[in-house]
Amino acid sequence: KNQVEQSPQSLIILEGKNCTLQCNYTVSPFSNLRWYKQDTGRGPVSLTIMTFSENTKSNGRYTATLDADTKQSSLHITASQLSDSASYICVVSARQGDMRFGAGTRLTVKP
Amino acid sequence: EPEVTQTPSHQVTQMGQEVILRCVPISNHLYFYWYRQILGQKVEFLVSFYNNEISEKSEIFDDQFSVERPDGSNFTLKIRSTKLEDSAMYFCAARPRSGTSDYEQYFGPGTRLTVT
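These protein sequence lines are chains A and B, in that order. Numbering-wise (our numbering), the first sequence opens with residue 48 and increments by one. Numbering-wise (our numbering), the second sequence opens with residue 1477 and increments by one.
Hints are computed from structural coordinates only; laboratory data are not their basis. Some hints here could point you the wrong way.
As the list claims (entries may be wrong) - Partner residues are not named here, just some residues of chain A that face chain B (Cβ under 7 Å, in silico): (1) ARG89; (2) GLY90; (3) PRO91; (4) SER93; (5) ALA115; (6) MET146; (7) PHE148.
Stated by the list, open to error - Below are the DSS-like pairs computed for lysine-lysine, each with C-alpha atoms no more than 27 Å apart in a straight line: (8) B:LYS1518 - A:LYS118; (9) A:LYS118 - B:LYS1559; (10) A:LYS157 - B:LYS1518; (11) A:LYS104 - B:LYS1518; (12) B:LYS1533 - B:LYS1559; (13) A:LYS157 - A:LYS64; (14) B:LYS1518 - B:LYS1559; (15) A:LYS64 - A:LYS104.
Stated by the list, open to error - Partial pick of chain B residues on the chain A-facing surface, computed with a CB cut under 8 Å: (16) VAL1488; (17) LYS1518; (18) GLU1520; (19) PHE1521; (20) ASP1547; (21) ALA1564; (22) PHE1567; (23) GLN1581; (24) PHE1583; (25) PRO1585; (26) GLY1586.
Virtual Cβ for every residue (Gly too), placed ideally from N, Cα, C.
Whole structure, please, built from the sequences with the hints as guidance.
Written out as structure tokens, the structure is:
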């Protein structure tokens, strides 16, 4: 069954600190993996997209990694800011276009 | 920067009524999607639409739902005979034509549907 599991479910960090969010998936065959940021009550905004051949992708202070062998991805946030407080969603697509969303990690950055 | 827009932002309807949710995609985008997110739960794919027809749909997208692009710009989701469990945020997304099957999707702000 195609699943996407994210951990932790929620995370609280202090402003300026780094953090890493995890995503494990069983989606097969694999097409691409995306990380989205979703502010409360808003639509998701794309942060990174990685295909099978890519194992790292950066977007400013966000760096995503992908290990297609172990079916794991991480999203690393550097020097967190208060505006980083949001849900971060991992989305994995199969080649036939089936998209599976993780439940998200709720990040809270405190001053 | 062009954005995907959705109307209304909040829709309240009585159980059994029909609702139409509207989306205005970015003008050069050719693939359109609807998702829903029940409060506190994960985002769920409903349907994708290309070239005026459905290309993929999930098991959620049953006969109660339909999509169309009535005037070549707006993209609508119709929900017939709404049920309490249809209460959710409904997101529209759009993407340009690309060689990658699910390249960058741009999400709208969502419509919050409340069925009473």
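These are the hints, each one checked on the structure:
1. Given the 7 Å rule on beta carbons, the hint for A:ARG89 holds: about 6 Å separates it from the nearest Cβ of chain B.
2. Annotation: interface hint on A:GLY90 holds; nearest CB of chain B at approximately 3 Å, less than 7 Å.
3. Contact between A:PRO91 and chain B, as hinted, is supported at the beta carbon level, the nearest pair being about 5 Å apart and thus within 7 Å.
4. Interface hint status for A:SER93: upheld, as the beta-carbon distance to the closest one in chain B is roughly 6 Å, under 7 Å.
5. Interface restraint check: A:ALA115 against chain B, minimum CB-CB distance 16 Å, threshold 7 Å, status violated.
6. Here the hint on A:MET146 is kept, as its CB sits about 5 Å from the closest CB of chain B, short of 7 Å.
7. Taking 7 Å as the C-beta cut-off, the interface hint given for A:PHE148 holds, the closest approach to chain B being about 4 Å.
8. Distance restraint check for B:LYS1518 and A:LYS118: the Cα-Cα separation of roughly 20 Å lies within the 27 Å cut-off, and the hinted pair is therefore satisfied.
9. Between A:LYS118 and B:LYS1559 the alpha-carbon distance is near 37 Å, which puts this suggested pair outside the 27 Å criterion.
10. Under the criterion of a C-alpha separation no larger than 27 Å, the hint pairing A:LYS157 with B:LYS1518 is consistent with the structure, at around 24 Å.
11. For a cut-off of 27 Å, the pair hint linking A:LYS104 to B:LYS1518 stands: about 24 Å separates their Cα positions.
12. Restraint check for B:LYS1533 and B:LYS1559: satisfied, since their Cα atoms lie roughly 20 Å apart, inside the 27 Å limit.
13. Between A:LYS157 and A:LYS64 the CA atoms are separated by roughly 10 Å; this keeps the pair inside 27 Å, and the hint holds.
14. A distance of roughly 19 Å separates the Cα atoms of B:LYS1518 and B:LYS1559; the hinted pair therefore holds under the 27 Å criterion.
15. For the hint linking A:LYS64 to A:LYS104, the alpha-carbon distance of about 20 Å falls within 27 Å, and the restraint holds.
16. Annotation: B:VAL1488 was flagged as interfacial toward chain A, and the flag is violated, the nearest CB pair being 16 Å apart, outside 8 Å.
17. A cut of 8 Å between beta carbons decides the hint on B:LYS1518: the least distance to chain A is about 4 Å, and the hint holds.
18. Hint on B:GLU1520 holds. Least Cβ distance to chain A is approximately 7 Å, under the 8 Å limit.
19. Hint on B:PHE1521 holds. Least Cβ distance to chain A is approximately 5 Å, under the 8 Å limit.
20. The interface hint given for B:ASP1547 is violated, since its Cβ lies 23 Å from the closest Cβ of chain A, which is over the 8 Å cut-off.
21. For B:ALA1564, the interface hint is violated, the least distance from its beta-carbon to any beta-carbon of chain A being 13 Å, above 8 Å.
22. A distance limit of 8 Å between C-beta atoms decides the matter here; for B:PHE1567 the minimum to chain A is near 5 Å, and the interface restraint holds.
23. With a least beta-carbon distance of about 7 Å to chain A, the hint placing B:GLN1581 at the interface is held under the 8 Å criterion.
24. Because the beta carbon of B:PHE1583 sits about 3 Å from the nearest beta carbon in chain A, less than 8 Å, this interface hint is met.
25. Restraint check, B:PRO1585 versus chain A: the minimum CB separation of about 5 Å is within 8 Å; hint holds.
26. At its closest, the beta carbon of B:GLY1586 sits 5 Å from a beta carbon of chain A; the interface hint therefore holds under the 8 Å criterion.
When each numbered hint is compared with the structure, violations occur for hints 5, 9, 16, 20, 21.
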